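K.L.:
Sequence:
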Amino acid sequence: MKRSTILTFLLLSGLVAGSVTAAPHPQPAYQLGPPAVDPAFAPKVVLGRSRLTYWPHLLASPAGAYSNTLQLVYLQDNQQLIYRQSTDGGLNWQPAEPFGGAPEWDGSAGNLATTIDQAGKLTACWYQLYGPTYPRIHCRSRSGEGSWQPELGVPGTGDQAHMKVGVPAGDADGNLHLLIGRGSVNMFYTATADGSEWNPQQNMPVTTTSRPNPTFLPTSLIALHGEGAMLAAWGDARGLDGQGGDSWQLMTAYARAAPGSKDSWQTYYFTDTDSAGNFTAGAGQYRPAMVEVAQGRVGMVFECRPSLGVADRDICYREWQAERAEAGIMGGWLTATITIAHTEPGITEAPAVAVDAATGQVYVCWQDQWSNLRITCSYSADGVNWHAPFLVDGGPFTRQKMVSIAVTRDAGGGKLHVAWADSQAEELAIFYTWRPLPDRYPEAAPTPPNP
Numbered sequence: 000m001k002r003s004t005i006l007t008f009l010l011l012s013g014l015v016a017g018s019v020t021a022a023p024h025p026q027p028a029y030q031l032g033p034p035a036v037d038p039a040f041a042p043k044v045v046l047g048r049s050r051l052t053y054w055p056h057l058l059a060s061p062a063g064a065y066s067n068t069l070q071l072v073y074l075q076d077n078q079q080l081i082y083r084q085s086t087d088g089g090l091n092w093q094p095a096e097p098f099g100g101a102p103e104w105d106g107s108a109g110n111l112a113t114t115i116d117q118a119g120k121l122t123a124c125w126y127q128l129y130g131p132t133y134p135r136i137h138c139r140s141r142s143g144e145g146s147w148q149p150e151l152g153v154p155g156t157g158d159q160a161h162m163k164v165g166v167p168a169g170d171a172d173g174n175l176h177l178l179i180g181r182g183s184v185n186m187f188y189t190a191t192a193d194g195s196e197w198n199p200q201q202n203m204p205v206t207t208t209s210r211p212n213p214t215f216l217p218t219s220l221i222a223l224h225g226e227g228a229m230l231a232a233w234g235d236a237r238g239l240d241g242q243g244g245d246s247w248q249l250m251t252a253y254a255r256a257a258p259g260s261k262d263s264w265q266t267y268y269f270t271d272t273d274s275a276g277n278f279t280a281g282a283g284q285y286r287p288a289m290v291e292v293a294q295g296r297v298g299m300v301f302e303c304r305p306s307l308g309v310a311d312r313d314i315c316y317r318e319w320q321a322e323r324a325e326a327g328i329m330g331g332w333l334t335a336t337i338t339i340a341h342t343e344p345g346i347t348e349a350p351a352v353a354v355d356a357a358t359g360q361v362y363v364c365w366q367d368q369w370s371n372l373r374i375t376c377s378y379s380a381d382g383v384n385w386h387a388p389f390l391v392d393g394g395p396f397t398r399q400k401m402v403s404i405a406v407t408r409d410a411g412g413g414k415l416h417v418a419w420a421d422s423q424a425e426e427l428a429i430f431y432t433w434r435p436l437p438d439r440y441p442e443a444a445p446t447p448p449n450p
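In terms of numbering that gives the first Met the number 0, the sequence shown opens at residue 0 and continues consecutively.
Hints listed in this document are in silico derivations from the structure and should not be mistaken for laboratory results.
This structure is a prediction, so every number in the text was calculated from the model and none was measured.
A portion of the hints provided could be inaccurate.
For each label pair, taking beta carbons as the anchor points, the in silico distance ranges come out as [claimed, not checked]:
| no. | residue 1 | residue 2 | range |
| --- | --- | --- | --- |
| 1 | Glu-442 | Gly-152 | 45 to 53 Å |
| 2 | Asp-193 | Gly-359 | 32 to 40 Å |
| 3 | Val-44 | Glu-442 | 41 to 49 Å |
| 4 | Gly-394 | Asn-202 | 47 to 55 Å |
| 5 | Glu-325 | Ala-171 | 16 to 24 Å |
Within a straight-line C-alpha distance of at most 25 Å, the following computed SDA-like cross-link-like pairs (lysine to any residue) qualify [what the hints assert, rightly or not]:
| no. | residue 1 | residue 2 |
| --- | --- | --- |
| 6 | Lys-400 | Thr-358 |
| 7 | Lys-400 | Glu-322 |
| 8 | Lys-400 | Ala-443 |
| 9 | Lys-400 | Leu-436 |
| 10 | Lys-400 | Glu-426 |
| 11 | Lys-400 | Ala-118 |
| 12 | Lys-400 | Glu-442 |
| 13 | Lys-400 | Gln-423 |
| 14 | Lys-400 | Gly-145 |
| 15 | Lys-400 | Pro-94 |
| 16 | Lys-400 | Arg-48 |
| 17 | Lys-400 | Val-36 |
| 18 | Lys-400 | Ala-41 |
| 19 | Lys-400 | Pro-435 |
| 20 | Lys-400 | Ala-357 |
| 21 | Lys-400 | Leu-151 |
| 22 | Lys-400 | Ile-346 |
| 23 | Lys-400 | Asp-172 |
| 24 | Lys-400 | Val-45 |
| 25 | Lys-400 | Phe-389 |
| 26 | Lys-400 | Ala-39 |
| 27 | Lys-400 | Gly-295 |
| 28 | Lys-400 | Asp-76 |
| 29 | Lys-400 | Glu-150 |
| 30 | Lys-400 | Gly-412 |
| 31 | Lys-400 | Pro-154 |
| 32 | Lys-400 | Leu-111 |
| 33 | Lys-400 | Pro-441 |
| 34 | Lys-400 | Ala-64 |
| 35 | Lys-400 | Pro-149 |
| 36 | Lys-400 | Arg-83 |
| 37 | Lys-400 | Pro-34 |
| 38 | Lys-400 | Trp-197 |
Cβ coordinates follow ideal geometry from the N, Cα and C atoms, glycine included.
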C-alpha cells in the first residue's frame with residue numbers, strides 16, 4: 000500500500016485565548032548559577048578554525064548501517080561549506096572537505112540547514128549571495144557510501160530580497176522536502192524525488208501578516224519514518240497586543256495527503272501552557288527543533304518565556320502524536336508544555352535535540368547565559384521528568400554558542416556527541432566532545448497524564 004504524505008506545520012506564535020488546564024507536571028527549580036561540568040565528557044578537540052567558522056551541524060543516522068557514522072558540516076569564512084566525517088563514533092575524523100559556497104566569486108553563504116535519513120544520506124541547504132544579487136538557495140546531498148550529488152539550486156529563490164533559509168527533510172523513500180521563506184510574508188513547500196528537479200513551489204497557509212524571521216534559523220522540518228508524514232515548525236513575528244517581534248505564536252497545519260494547494264491544509268491554533276498554566280497570549284516562543292522520538296511521535300524543543308514582557312527565556316519541550324493529529328485533537332499536540340530549564344536572571348536559548356533510537360531517550364542542549372554563554376544539556380526518557388542540567392565543558396571558553404548534538408550506536412553501546420562554536424586565539428573554532436550515553440532517566444518513574 001502506497002504511503003500517503005501527511006504534512007503538518009507548526010508556527011511559533013503567541014498563545015490564543017481559550018486556555019486549557021493541563022495536568023500537573025514537574026518543573027525545574029530556578030537555576031541561580033552554572034551547573035557542574037559532567038566529568039563523563041571527553042576532552043574537547045578543535046575540528047575547524049578560521050577567522051569566521053561557525054554553524055556546526057552534527058548528524059548521525061538514527062538506525063541502520065550508518066548509526067555509528069558521525070557527519071559534521073559547518074560554514075567557514077562566511078563563504079564556504081565544509082564537510083568532515085568520523086566512522087568510529089567521533090574518535091578519528093577525516094580531513095576537511097569543501098563542498099559548497101562561492102569563495103572564488105567572493106560571494107557569501109549562510110543560514111545553513113541540514114538533514115540525514117536512515118540510509119545515511121546527508122543533505123545541506125544554504126543561501127548563496129553573489130555581489131549585489133539576491134540570495135539563492137542551494138542544496139547538495141551526499142550518500143551514505145560517500146558520493147556527492149551535483150549542487151542543486153532551487154528555482155525562484157534568487158528573485159527577491161528577504162530570502163530565508165531552505166530547510167530540508169529526507170524521507171524513507173529517498174525524497175527531499177524543502178520549506179522556503181521568501182519575501183516578507185510567504186512560506187513555500189517543494190520537493191524533489193531524484194535531486195535534479197524540484198516540484199512547483201506551493202504557498203503555505205500562513206496569514207498575510209506573517210513574517211517568518213530569517214535571522215536565527217527558527218525553522219524546523221522532519222519526515223516521520225513509517226508514517227508517511229511530515230512535521231514543520233517556524234517562527235512568526237506577527238505579534239500580539241502591540242508586542243511586535245517578541246510575540247511569537249504557535250500554529251499547526253495538517254494534511255493527510257500531499258497537498259495540491261494551501262487550501263489542502265487544516266490549520267489549528269491552540270493555547271500553549273506550562274504545567275501550571277502560566278503562559279499567556281504572546282509569551283515569546285521561538286527557535287523550534289524537532290526529533291522523531293518513536294514511530295508516530297515527535298518531540299519539539301524551543302525557547303519560551305514565562306510571560307509576555309519578561310526578558311528571561313526558558314527551554315521548553317512538547318510532544319506531538321500522529322494518532323492525536325488523525326483524531327483532530329489539538330492538532331496532534333499534547334496539552335502541557337514541559338519546562339526543561341529556567342535560569343534566573345538570564346537567558347537560555349538556541350536549543351538542539353537528538354534521540355537515542357534504541358531507548359527513546361531524548362537529549363537537549365542549549366546555550367545558557369551565565370557570565371557569558373555556556374553549553375548546557377539535559378535528557379529524559381519520558382519527556383516529562385528531565386535530568387538536572389549539566390555543562391559539557393569546564394573551559395577555557397569565551398562565548399560558547401550554536402550547539403549541535405547527535406547520538407550514535409555501536410556494539411559497545413552509544414555516545415552523545417556535542418559540537419559548538421567558540422573563540423580561540425582571535426579566531427572562531429568548532430569544538431567537539433562526546434560522552435557515553437547515560438542510563439535512562441527517570442529509570443521507572445510514573446509519568447503524569449498529559450491529555
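K.L.:
Hint by hint, note whether the structure agrees.
P.N.:
Going through the hints against the structure:
Range check, Glu-442 to Gly-152: about 50 Å between beta-carbon atoms, so the 45 to 53 Å window is met. One distance hint, 32 to 40 Å for the beta-carbon pair Asp-193 and Gly-359, holds here, with the actual separation near 33 Å. Under the hint 41 to 49 Å, the C-beta atoms of Val-44 and Glu-442, about 32 Å apart, miss the expected range. Distance hint for Gly-394 and Asn-202: a CB-CB separation of about 48 Å, consistent with the stated range 47 to 55 Å.
The hinted window of 16 to 24 Å between Glu-325 and Ala-171 holds, with their beta carbons roughly 19 Å apart. With a CA separation close to 28 Å, the supplied pair Lys-400 and Thr-358 exceeds the 25 Å bound. This hinted pair does not check out: Lys-400 and Glu-322 have alpha carbons roughly 36 Å apart, beyond 25 Å. Between Lys-400 and Ala-443 the alpha-carbon distance is near 34 Å, which puts this suggested pair outside the 25 Å criterion.
A distance of roughly 22 Å separates the Cα atoms of Lys-400 and Leu-436; the hinted pair therefore holds under the 25 Å criterion. For the proposed pair Lys-400 and Glu-426, the alpha carbon gap of about 14 Å is at most 25 Å, so the pair holds. Only pairs whose Cα atoms come within 25 Å are accepted, and Lys-400 paired with Ala-118 is rejected, the gap being roughly 30 Å. For the given pair, Lys-400 sits about 31 Å from Glu-442 by alpha-carbon distance, which is inconsistent with the 25 Å threshold.
For the hint pairing Lys-400 with Gln-423, the CA-to-CA distance comes to about 13 Å; that is within 25 Å, so the pair holds. Only pairs whose Cα atoms come within 25 Å are accepted, and Lys-400 paired with Gly-145 is rejected, the gap being roughly 29 Å. This hinted pair checks out: Lys-400 and Pro-94 have alpha carbons roughly 24 Å apart, not beyond 25 Å. For a cut-off of 25 Å, the pair hint linking Lys-400 to Arg-48 stands: about 15 Å separates their Cα positions.
Only pairs whose Cα atoms come within 25 Å are accepted, and Lys-400 paired with Val-36 is accepted, the gap being roughly 16 Å. Using a Cα cut-off of 25 Å, the hinted pair Lys-400 and Ala-41 holds, with the two alpha carbons roughly 19 Å apart. A C-alpha spacing of about 22 Å is found between Lys-400 and Pro-435, which places the hinted pair at or below 25 Å, so the restraint holds. For the suggested pair Lys-400 and Ala-357, the alpha carbons sit about 29 Å apart, so the restraint of at most 25 Å is broken.
Using a Cα cut-off of 25 Å, the hinted pair Lys-400 and Leu-151 is violated, with the two alpha carbons roughly 30 Å apart. At most 25 Å may separate the alpha-carbon atoms for a hinted pair to count; Lys-400 and Ile-346 meet this at roughly 13 Å. Annotation: proposed proximity of Lys-400 to Asp-172 is violated, straight-line Cα distance about 34 Å (limit 25 Å). A threshold of 25 Å between alpha carbons decides the hint, and for Lys-400 with Val-45 the separation of about 14 Å falls inside it, so the pair holds.
The suggested pairing of Lys-400 with Phe-389 holds, with an alpha-carbon distance near 15 Å, which does not exceed 25 Å. With a C-alpha separation of about 21 Å, the suggested pairing of Lys-400 with Ala-39 holds against the 25 Å cut-off. Restraint check: the Cα-Cα separation between Lys-400 and Gly-295 comes to about 31 Å, which exceeds 25 Å; the hinted pair is violated. With a C-alpha separation of about 17 Å, the suggested pair Lys-400 and Asp-76 falls inside the 25 Å cut-off, and the hint holds.
Using a Cα cut-off of 25 Å, the hinted pair Lys-400 and Glu-150 is violated, with the two alpha carbons roughly 29 Å apart. Distance hint between Lys-400 and Gly-412 is unfulfilled; the C-alpha atoms sit about 28 Å from each other, more than 25 Å. Annotation: proposed proximity of Lys-400 to Pro-154 is violated, straight-line Cα distance about 33 Å (limit 25 Å). Proposed proximity of Lys-400 and Leu-111 is supported: the alpha carbons are some 15 Å apart, at most 25 Å.
At roughly 28 Å between alpha-carbon atoms, Lys-400 and Pro-441 are farther apart than 25 Å, so this suggested pair is violated. For the hint pairing Lys-400 with Ala-64, the CA-to-CA distance comes to about 31 Å; that exceeds 25 Å, so the pair is violated. Proposed proximity of Lys-400 and Pro-149 is contradicted: the alpha carbons are some 31 Å apart, above 25 Å. For the given pair, Lys-400 sits about 20 Å from Arg-83 by alpha-carbon distance, which is consistent with the 25 Å threshold.
Annotation: proposed proximity of Lys-400 to Pro-34 holds, straight-line Cα distance about 17 Å (limit 25 Å). Taking the CA atoms of Lys-400 and Trp-197, the gap is near 34 Å; set against the 25 Å cutoff, the hint is violated.
Hint check: violations occur at hints 3, 6, 7, 8, 11, 12, 14, 20, 21, 23, 27, 29, 30, 31, 33, 34, 35 and 38; the rest are consistent with the structure.
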